[in-house]
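**Student:** Listed here are the chains, written in short residue letters.
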Amino acid sequence: MTLDFVSNVDYIWALLPEIVLSVWAMVVLLAGVRRPDDPPANTAALGWLALVGILVAAVANGWLYGVTSTADAAMITVDPFRLFANWVFLLGAGLTVLVAGPYVTRQRLQAGEFYTLILLATVGMMFMGGTRNLILLFLALETMSIAAYVLTAYNRRDRKSAEAGLKYFILGSFSSGFLLYGIALVWGATGSVHLTEIAAVVEAGAGFTGLLLAGMALLGIGFAFKVGAVPFHMWAPDAYEGAPSPSTAFMAAAVKAASFVAFLRVFLEAFPTLYESWYPVVWWLAVLTMVVANLIALTQANVKRMLAYSSVAHGGYLLVAVAAANEMATAGLLFYLLVYTVMTVGAFAILMIVSGQSEDRLQVEDYAGFGWAQPVLAVVFTIFLLSLAGFPGTGGFMAKIYILQGAVESQLWMLAVILALATVVSYYYYLRVAWYMWMRSAAAGNDHARVWTPLPVWLALILSAGVILYLGVLPSGLLDGAMTSAQGLGVVRDGLLGLRP
Amino acid sequence: MLAEALVLSAILFVIGTTGVLIRRNAIIMFLCVELQLNAVNLSFVALSQYIGIEGQVFVFFIMTVAAAEAAVGLAIIISIFRHYETVNVDNFNLLKW
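If you read the sequences in order, they're chains A and B. Residue numbers for the first sequence follow our numbering, so the first one is 1 and each next one is one higher. Residue numbers for the second sequence follow our numbering, so the first one is 1 and each next one is one higher.
Only chain A is shown next, with the shape it has when bound in the complex (with noise of 0.2 angstroms):
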């Protein structure tokens, strides 16, 4: 099928995933509505409806790899970038989902208008990745982010979680100002807001050079913030400790996701030829991340917040990738994202389970014995846990690996051992909480033997281990899919290949 866009019916068929998920999501929050004296909604029911819908936007989604589109000038892309980002986003969604039932019954939380929450971010997440058009990205982004603020403050009888929405409000929308500040500017020295036409604008050299600068850099510093680059992430760690634990989860995997694809997309795609002004300011961020985010981490003893900060890190990986800026670095990160939003999801949903499904236990003395009180479930965290270090033989150290080799490409030798260096760091935080899993006897009175894990989670810690090995160890698959995916993202380094020493 070939979608031409001159007939306004071929929109619908280029956003046919994000129009069935927001469909769903209204149908969800329809499912979740409950009179003062029904009895609650059915949590688990209400889980697996919205699983239905976001299996369903799947279904679109891999549909639309059969569809081509020959114009270039709509506001909606149809490339196998987006395609890409769009499976990272509804596979963040639909593991928050399957984790997060157990904790929502437990905390009594509306059930209906948490899903739907998490079905409409995903939608504007999806917006985010498919869209060549800033003002269409800047609702996007808003959809999401909004959605975002209210699942942080979503437990409304827990203190923190309404001082980390009020954190995260504030920030992120001041982070949002920015971004839009830089729309402003780049559009009144471009003329236009789709970026290929930007980067025609730039290319030939017209525009305003001083309001496009300052333009870009507004930007900039809107997507450090919102990808939670140091020294932009003082948001990120009360956010993510104060929030509920699914929120978190979703917050950590997808959300940081899509910040990074639209991030991508927009300076690959927008400002190519200024790579040079840009690619420092990158350098710096990515360095400055995963120095600063790895050394708080190791001083951390809640887990939450551990791995908040590791979130913040692992951020600094990605920057790696975007300073890069050739194909083989965009697939790293697509990769990396992939991997990132299983093994994050997954940590958080063990986290869940040994806090026993609320906001206490999160210490990481109180890890200690879970490992022989609970085997199998010990034995994925470890797993979770080496892939977030990066370990070999897990998914984590080849989106690692792809991503060094990437910056090695472009000749970014010193991002490259800053990278390694910071990865051996961050085995110390994440192996310290194995260690006591394994090696230290549980306290009195905190016994491991009661956890409270249903199916659902178990269908996603075992789906989530089972991608983390299958990656780590035949990882070639889905490279070619990521390499598919980044064709015609990232050639400006290519061409600077041989210039520099």
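Just to be clear, a hint being listed does not mean it is correct.
25 angstroms max Cα-Cα, derived DMTMM-like pairs, lysine to aspartate or glutamate [claimed, not checked]:
(1) A:K160 x B:D90
(2) A:K160 x B:E85
(3) A:K160 x A:E113
(4) A:K160 x A:D38
(5) A:K160 x A:D366
By construction, these hints were calculated from the structure, which means they are not laboratory data.
Please arrange chain B on chain A, whose structure you already have, making use of the hints.
**Tutor:** Below, chain B alone, put in the same frame as chain A:
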């Protein structure tokens, strides 16, 4: 006229940014964020004189987003006020490293 409008919009944006950074009352911080967004709106309207009418369309989108953000933001502020009986962000210190 364009230069003046852009400078005014930049000044408003800086006032908004400074406000978020130095004020400690959550509602004032939120108002400063709104000031940022409206500074951008001014840029869009001013630039649309020279580039095209779509700038004024963007302003409507931004106003819609700002309204949605206001709804969620005020709800969050109310929810935290119920816990702390204050909206001064210096009092919110459960989360720190």
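**Student:** Each of the hints needs a verdict: does it hold here or not?
**Tutor:** Hint check results:
1. The straight-line distance between the Cα atoms of K160 of chain A and D90 of chain B is roughly 14 angstroms, inside the 25 angstroms bound, and the hint therefore holds.
2. The suggested pairing of K160 of chain A with E85 of chain B holds, with an alpha-carbon distance near 15 angstroms, which does not exceed 25 angstroms.
3. At most 25 angstroms may separate the alpha-carbon atoms for a hinted pair to count; K160 of chain A and E113 of chain A meet this at roughly 20 angstroms.
4. Proximity of K160 of chain A to D38 of chain A is assessed by CA-CA distance (about 29 angstroms); at most 25 angstroms being required, the pair is judged violated.
5. Using a Cα cut-off of 25 angstroms, the hinted pair K160 of chain A and D366 of chain A holds, with the two alpha carbons roughly 20 angstroms apart.
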